[in-house]
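These are the residues of each chain, in order.
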Amino acid sequence: MSDMVPAVDVSGLCVRTRSRVLVDSVEFSIAPGERVGLIGESGSGKSLTSLAIMGLLPDNLTASGSVSIAGSPNVVGLTDKEMAPYRGRVASMVFQEPMTALDPLMRVGDQLAEVLRHGGNSEVSSSGTRSRSDLHQAVVPGLTEVGLPDPASAARAYPHQLSGGQRQRVMIAMALANEPALLVADEPTTALDVTVQAQVLDLMVRLVEERGAGLLFITHDLAVVSRVCERVLVMLGGNVVESGSITDVFGSPQHEYTRRLLAASDLETLDLGLPSTSAMPSVSVMPQEGEAPPIIRFTNVSKVYSRGRTQPPVQAMNAVSLDIYPGERFGIVGESGSGKTTALRMLTALDTPTSGTVEVKGLRLDLATKSQMAALRRNQQMVFQDPLGSLDPRMTIGRIVAEPLLALRIPKAERVQTVEEMLLAVGLPADTTARYPHQFSGGQRQRIAIARALVTQPSIVVADEPVSALDVSVRAQVLELLARLTTQRNLTLVMVSHDLAVVRHLCHRVAVMQNGTVVEVGTTQQVWDDPQHSYTKRLQASTPVMEIATQT
Amino acid sequence: MSSTRPVSSLPSSAATAGPARFTPGVHGGLIVGIVLVALVILAAVVSLVWTPHDPYATNAAIRLAGPSSSHLLGTDPLGRDVLSQTMVGARITLYVGLVSVGIGLVVGVPAGIWAAMRGGWVSTVFMTGSDILLAFPGLLLAIVLGAAFGASTTTAMVALGIASIPAFARVARSGALRVLSQDYVLAARVANRSGWAIARDHVLPNIAGMVIVQASVSYALAVLAEAGLSFMGLGTAPPTPSWGRMLATGQQFLGSHDYLAVVPGVAIAVAVLGLNLLGDGLRDVMDPRLKQVGDE
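Taken in sequence, the protein lines are chains A and B.
With this note's numbering, letter number 113 in the first sequence gets 113, and the count goes up by one each step, no holes.
Each position in the second sequence, counted from 1, maps to that position plus 1000 in this note's numbering.
These aren't lab readings, by the way, just hints derived from the structure by calculation.
Yeah, the Cβ is synthetic: ideal placement off N, Cα and C, and Gly gets one too.
Don't take each hint at face value.
Over the 10 Å line for every Cβ pair with chain A, so calculated as not near, a few chain B residues [said to hold, decoys possible]:
(1) H1027
(2) T1058
(3) P1077
(4) V1158
(5) L1186
(6) V1190
(7) H1202
(8) L1224
(9) P1239
(10) T1249
Partial pick of chain A residues on the chain B-facing surface, computed with a CB cut under 7 Å [as the list claims (entries may be wrong)]:
(11) T348
(12) D351
(13) A374
(14) M382
(15) F384
(16) G389
(17) S390
(18) D392
(19) P404
(20) R409
(21) I410
(22) P411
(23) K412
(24) Y436
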């Protein structure tokens, strides 16, 4: 192994702005055929490290140190022109968002042919004389290799005509087209659905292995790393704080941060007040059917969105019936397009069903008067996915949290008092009120959003992917907070998520949705341990789980 | 939002994420804008109580006298003091902008927000109508209204104001559409806030920056249009001094008495530049996120 030229050799790599060091003396080396994970949370410098290797840093940042790609001389500080022979040929990159990484106005085949031409491929380089269909012929093998169902027609397609997973496959085909020695993948599957993610990861591992290329895999998701990589580097505040084989680092972490990160991503150890997994059904907190009437009831709810005259309408929900009981935490799980968000919009009366009825506390939403609706809204609040987007950037935290109270005409002094109490309850200091959303971290913003949702003392809280935009370590804390507050205040929590693993740890019962229908409902334990529907089985199998047991 | 802005992860005690950015640096453009606009306002206010000479007094004996100690900026072909006329002209300039921008703001912005919130075919019809109005040149409208109601500063400015409504409506509508798609508006709807409250508390503050820039551009255009209309004799009627008509007079004497055109020309440039800088500066300062100044 020692006499092989490493796919990439990084030593003393620093990235800095004029005043601050963002990446500090990072050293590592990846052997050909080796898969190395680079993990860390937002702001840890993991993406900057990858950009520095590719020479793609933004202009206001400077890199120093040395990076050698497949035995090349140091590439740090090269101009774009000097860097050109390496990019795409010796080292290439796959980005997070495949939609923006592909040119929307260029056929997929043309984009792939361009990459091949850049790499000096003889089949496409004698340009000018060759027709478009010939070019597309030349790229078909590449598209076949990444498992596109119909490569010939995919070559003729524009990016928007492909699904997210297919687009990422095209990106991988482009990245590997010129047989690079190093592939850098920056959160390549974060934007994809779970079942698609599993396929794309498997594909990437296989192709990289076949080519003997080095893989640098950047992600925040420890479970994904444990599935893909052999070795892992942990970054914190611009430094690599720990590195080693997956088994070593995850099995017996040395650095305190790694331990904290592992503990936070291992939801198994989290006690969210659910009936324990080690079978104690007798003391189940979960309300039994028939005990109390359901607080929320969907009866045969369907929703059709029409999309103008040219396109067929979309059936977002199809005859969905659900009962949710008071005091329970109910999860709705599904992938994009499954109708889970539509269900949530129906429940919060932001949208009306095409047919069927939604009842909340025995009140049919479609028949509710204005004042009944107002009372209902006081009783039912919402937490959104993106904590920054759900907080008005021009408002102070005090005003944001007080907003639901405004609609209730509560006097100002009482408002201020309630808001401060609520902020304390979610673990934020009272002086938070004068500040603006951008001054807080992601986890703190989500706490603010939770404070706003609970400030009217509602009995139902509806959460839309409340932790999917958060860093791993913060995620556990926010889940704990949600669990604690729902228990303390005897709330009914309805949570929508794409992540079965998260729902499993927070919710009593879960409904699995696919293509607008509910395919399975049951206790989370039963659905996870013994899924009945084939789709649930697939979802369960695809959900990344840490493959190395941590020593606690 | 990549890793360029590290926030403290793992917030053990809450609220540790840097209050450092909060103190804004001195905004250079804003300061210059304030100074220039203040200069114009000062000239206008002072002219109400004092001018070096009577701006209307003609004196054939000193016609076209160049700058001197008694007439700092010289005199015009009728022997009137140019400095005094420029000071009084500042009043017209301010009035002109207030009327036309005021009409555009008061009508255009609510209309745009309404169209965005209302949606459907009504707003489509409304915006199409506004597009048609946009295609109609403001100066032409001013000429038509001038012919119908008699040429005066007010008619000209009402015409320009009406002509600027579509621009304000467009800006407000596109901004409002962006704001309305945000989760915080959804949150407000779930909190049962009325459409009016959402427009006032969320939409308006978040589009204010865009509207202010549009206002400063419109204001500058109005000043130029007034100058143009007066130049053609359709704006401010003599003998009231207006920078536009002073410029029109002055250009006849270019080559022999340059200062006659240069003085009002510089005055217009100062007012327009000042307003634009002021608008851009206000937009930046009003944004609590205050990234780097001058940063997009």
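Okay, the hints, checked on the actual structure:
For H1027(B), the condition that its CB be more than 10 Å from all CB atoms of chain A holds, with the nearest at approximately 18 Å. T1058(B), annotated as away from the interface, keeps every beta carbon of chain A farther than 10 Å; the closest lies near 55 Å. Distance check for P1077(B) against chain A: the nearest CB is about 54 Å away, which clears 10 Å, and the non-interface claim stands. Annotated as non-interface, V1158(B) keeps its C-beta farther than 10 Å from every C-beta of chain A; the closest such distance is 33 Å.
Not every CB of chain A lies more than 10 Å from the CB of L1186(B), the least distance being 7 Å, so the non-interface label is violated. With a cut of 10 Å on Cβ distances, V1190(B) falls inside the contact zone with chain A, its closest approach being about 5 Å. A cut-off of 10 Å between C-beta atoms contradicts the statement that H1202(B) is not in contact with chain A; the least separation is 5 Å. With a closest Cβ-Cβ approach of about 32 Å to chain A, L1224(B) is found to remain outside the 10 Å limit, as its non-interface label requires.
With 10 Å as the threshold on Cβ separation, the claim that P1239(B) sits away from chain A holds: the shortest Cβ distance comes to roughly 48 Å. Listed as outside the interface, T1249(B) is consistent with that label: its C-beta sits roughly 48 Å from the nearest C-beta of chain A, beyond the 10 Å cut-off. About 5 Å separates the beta-carbon of T348(A) from the nearest beta-carbon of chain B, less than 7 Å, and the hint is met. The interface hint given for D351(A) is broken, as the beta carbon of that residue sits about 11 Å from the closest beta carbon of chain B, more than 7 Å.
A cut of 7 Å between beta carbons decides the hint on A374(A): the least distance to chain B is about 5 Å, and the hint holds. Evaluation of the M382(A) hint against chain B yields a held restraint, the C-beta minimum of about 5 Å falling below 7 Å. Using the Cβ-Cβ criterion of 7 Å, the hint placing F384(A) at the interface with chain B is satisfied: the shortest such distance is roughly 4 Å. About 4 Å separates the beta-carbon of G389(A) from the nearest beta-carbon of chain B, less than 7 Å, and the hint is met.
Proximity of S390(A) to chain B holds as hinted, the smallest CB-CB distance being about 4 Å (cut-off 7 Å). Using the Cβ-Cβ criterion of 7 Å, the hint placing D392(A) at the interface with chain B is satisfied: the shortest such distance is roughly 4 Å. For P404(A), the suggested interface contact is upheld, since its CB lies about 4 Å from the closest CB of chain B, less than 7 Å. Of the supplied interface hints, the one on R409(A) is violated, with its beta-carbon coming no nearer than about 11 Å to a beta-carbon of chain B, more than 7 Å.
Annotation: I410(A) was flagged as interfacial toward chain B, and the flag is violated, the nearest CB pair being 12 Å apart, outside 7 Å. At its closest, the beta carbon of P411(A) sits 17 Å from a beta carbon of chain B; the interface hint therefore is violated under the 7 Å criterion. With a least beta-carbon distance of about 15 Å to chain B, the hint placing K412(A) at the interface is violated under the 7 Å criterion. Annotation: interface hint on Y436(A) holds; nearest CB of chain B at approximately 4 Å, less than 7 Å.
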